[in-house]
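Chains R and B, in that order, are what the protein sequence lines are.
Under the numbering used here, residues 1 to 632 are what the first sequence spells out, in order.
Under the numbering used here, residues 1 to 264 are what the second sequence spells out, in order.
The set of hints was computed from the structure by calculation and includes no laboratory data.
Certain hints may be false.
Once the Cα atoms are required to be at most 30 Å apart in a straight line, the calculated DSS-like pairs of lysine-lysine come out as [unchecked claim]:
1. B:44 - R:273
2. B:116 - R:508
3. R:337 - R:273
4. B:116 - B:44
5. R:244 - B:23
6. R:508 - R:337
7. B:206 - R:244
8. B:44 - B:23
Chain by chain, the residues:
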Amino acid sequence: MNMIVPTATPATPNGTTRPQVRIVIVGHVDHGKSTLVGRLLHETGSLPEGKLDMLKAVSARRGMPFEWSFLLDALQTERDQGITIDTTQISFRTRSRDVVLIDAPGHAEFLRNMITGASQADGAVLIIDALEGVRDQTRRHGYLLHLLGVKQVAVVVNKMDRVDFSAERFRQIGDEISAHLTGLGLTPSAVIPVSARDGDGVAERTPRIAWFDGPTVVEALDALEPARPLETLALRLPVQAIYKFDDRRIVAGRIESGSLAAGDEIVIMPAGKIARIRTVESWPVTPMQESQGAGRSVGITLDRELFVERGDVIAHVGSTPRDTRRIRARIFWLHDKPLAEGASILVRLGTRETRATVVAIEKAVDPGELAGVETRAIARNHVGEIDIALAQPIAADPYSDNPRTGRLVIEVNGRIAGGGLILSVATGKRSIPVDIVPVESAMSAGECLARYRHKGAVLWLTGLPGSGKSTLARAIQRRLFDNGGSPILLDGDTLRAGLNGDLGFSAKDRSENIRRLAEVATHLARNGHIAIVAAVSPSAEDRSAARRIAGAAFREIYVATPADVCERRDPKGHYAKARAGALPGFTGIGKDYEPPVASELTIDTSSRSVTSAADELEDMLVKTEILLDLSE
Amino acid sequence: MDHLDGLEAQSIYIFREAFARLKKLALLWSLGKDSNVMIWLARKAFFGRVPFPALHVDTGKKFAEMYAFRDRYGREWELDLKIEPCPPLETIDPTLPPAARSAARKTEGLKLALAKYGFDGLIAGIRRDEEATRAKERVFSPRGTEGGWDVRDQPPEFWDQFNASPPPGAHLRIHPILHWTEADIWAYTRRENIPIIPLYLAKDGKRYRSLGDQDITSPVASTASTIEEILIELDGTRVPERAGRALDHETEDAFERLRVAGYL
């Protein structure tokens, strides 16, 4: 039971490329969307051989009159009920271009599918039944087109045969819908009278609509413009991932707008760190010299080791997105449970995901109603404006500045529940990273190596309180120093008294504590020192963030002393206090320590001397090429 | 950026999203033209390597040329190739029409492989233009714990934001070339010089447009003996791509029923 239209071949044999436009057909249920699509396929000679006869036979067998919509309503249940459930796509050719038609369901229950379909479109055809006129779903779809950023709309007034091809009725409907759309900032490119079932106005201007001097549907589709990549806007490259498959450290992502090339000075947002693009990597031929524009999926390497992660946005110096924790957006809501003030949600913006809280809701209405009554929460299939506070800073643009990075989706329980356009980045400040100019060390890595006999490194000792981290850290520090090295101890507790004095023990504060330790340690390592970090650091995720910050200089040492031994030692009296209930959030007696699975070294200090533990640590540093092997 | 560049960039984006958001991926390699393009795109996405296994669910009934192709390019492309057999036909629902029953065997083989390795994401090379129910697919398409497709409750998917959190025990199908057409596949294969199985090219007035099991796939009449000629042929034809696939034509809704049960 195939439904293929192989005549659509955007890549033609002679190698030329015809423009391709993607058009969604929307409108109220039963106003004739699928029928119009079926008729368009027939009129443009796009139906596969035998398809029409087969469908006629199926209809006859089922005792149903033939409907053009059977062509598209592929799913058995759809044919049984005579409605479209999910969105589908099909292609055909007009004189000048390839058209991908997206048929979207009109039934209110399947609005999520209409949105899935319409979000992929360059333009839309809004269809209205001449007899029924503008209905709630007509208005709702119009509103959603505006929210989805679809700016080109042609209106088709269908079933003109039912109103005896009345020019008066046509004008009435045209005026009403034009006023509605114009109010949303959408001006219809054409309003066309048709009978999709009989073919009037679809590909031909028949005598029954002789009074109409506008375009046919096919002509109107020909006039819709394909989407243009946003090369003229400022560069936005949301980072998808960092790959280290070989000795290259490749930052991968898709250029959403603007363009880039090797040598460009860039800023990594929201942190505001500056670097230069060293190379643009590719496969099978690499590197690429020519500039890469919007729409391309690229991989770049930078001229310095910076902490970059998925969700960051790369921009050019001087035209960065805003760095913000507060966003105002106009959204549509698809979840059964209404979105209310105070709700905790997951927001996805580009490749960044962050938790957020809904601070305020305004203008929540049913876009299908003519005079919408405002509600406090945004109900399913309704729209509204929300003010959200984000758990972490992100890089964002208002939609009016950048349609690609100015939109977000909201997820509830792992499923997309809504989405919308960023109206403003409320309390965001324009970051001024141009003021930050990293200063390189006056000594080269080679000079440091010659003096210290070791490379710069971050030794990260993690383990339960009382496991012996600080003792081991001090032992290895002493040994490195005695050998002429430059070890610096960063003890978690010690730094909490100063640098990290503003932080508590919530998961968020602990992450920040680790991040600062990692940044300081990495800075020391870059200057040739060995930074020895002794910190419980219970979260595996925080530790991998530290590893990402330090990169190749990172060595993780898991001090794996059994919990009962740690508690017996209790050098700082913490276990006793925790048992007495005086230290909530203390790691040790709870189960919140996540042991490393791939540390460079694991040491249990319960059954060995400090000296032998330090020996083993020193061996590891030689083997992993931090310490020069003096025996050679 | 031309049409093929645009398709390629979108596919690479999908591959990278899948790799970033799922824990245990596998790419379903059927050895056909579409899945070869898919492997090529994965290598583009990950700079030469495919960082997850290529899974061939083997019915044991493919053409000899297909097995030769698999053995050669599995090595040349340095794939982590996993070959998983399908259960015997006798264990499959005997009420299904013959070709559908044969296809259902593949679905069962897939389920066994899923249970064996615990993949949470399967990358599959289906396209919207192939078949009507595939046209309704999502790029990231959730499957139930039994591998089933709940076509009535597909999640919304827009702006390249994908639903990537399968419930425990379930998996996702990821469709990186959903937006490609048959002609796109050939034009790209030609542009990138991707190797193909020679059965696609006409010999003695016939060629295979789509390759499946030997006993349920038949060739179409054609004189196209080069990819250029295939492209010219496709430009004029009104015969569907899967016309040679018996299972699509047994009953009106055979394909939909197979897909609901977990077929590709």
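Against the structure, the hints come out as follows:
Restraint check: the Cα-Cα separation between residue 44 (chain B) and residue 273 (chain R) comes to about 28 Å, which is no more than 30 Å; the hinted pair holds. This hinted pair does not check out: residue 116 (chain B) and residue 508 (chain R) have alpha carbons roughly 38 Å apart, beyond 30 Å. In summary, the hint linking residue 337 (chain R) to residue 273 (chain R) is not supported, as the alpha carbons are separated by about 40 Å, beyond the 30 Å threshold. With a CA separation close to 29 Å, the supplied pair residue 116 (chain B) and residue 44 (chain B) stays within the 30 Å bound.
At most 30 Å may separate the alpha-carbon atoms for a hinted pair to count; residue 244 (chain R) and residue 23 (chain B) meet this at roughly 17 Å. Distance restraint check for residue 508 (chain R) and residue 337 (chain R): the Cα-Cα separation of roughly 28 Å lies within the 30 Å cut-off, and the hinted pair is therefore satisfied. With a CA separation close to 47 Å, the supplied pair residue 206 (chain B) and residue 244 (chain R) exceeds the 30 Å bound. For the hint linking residue 44 (chain B) to residue 23 (chain B), the alpha-carbon distance of about 20 Å falls within 30 Å, and the restraint holds.
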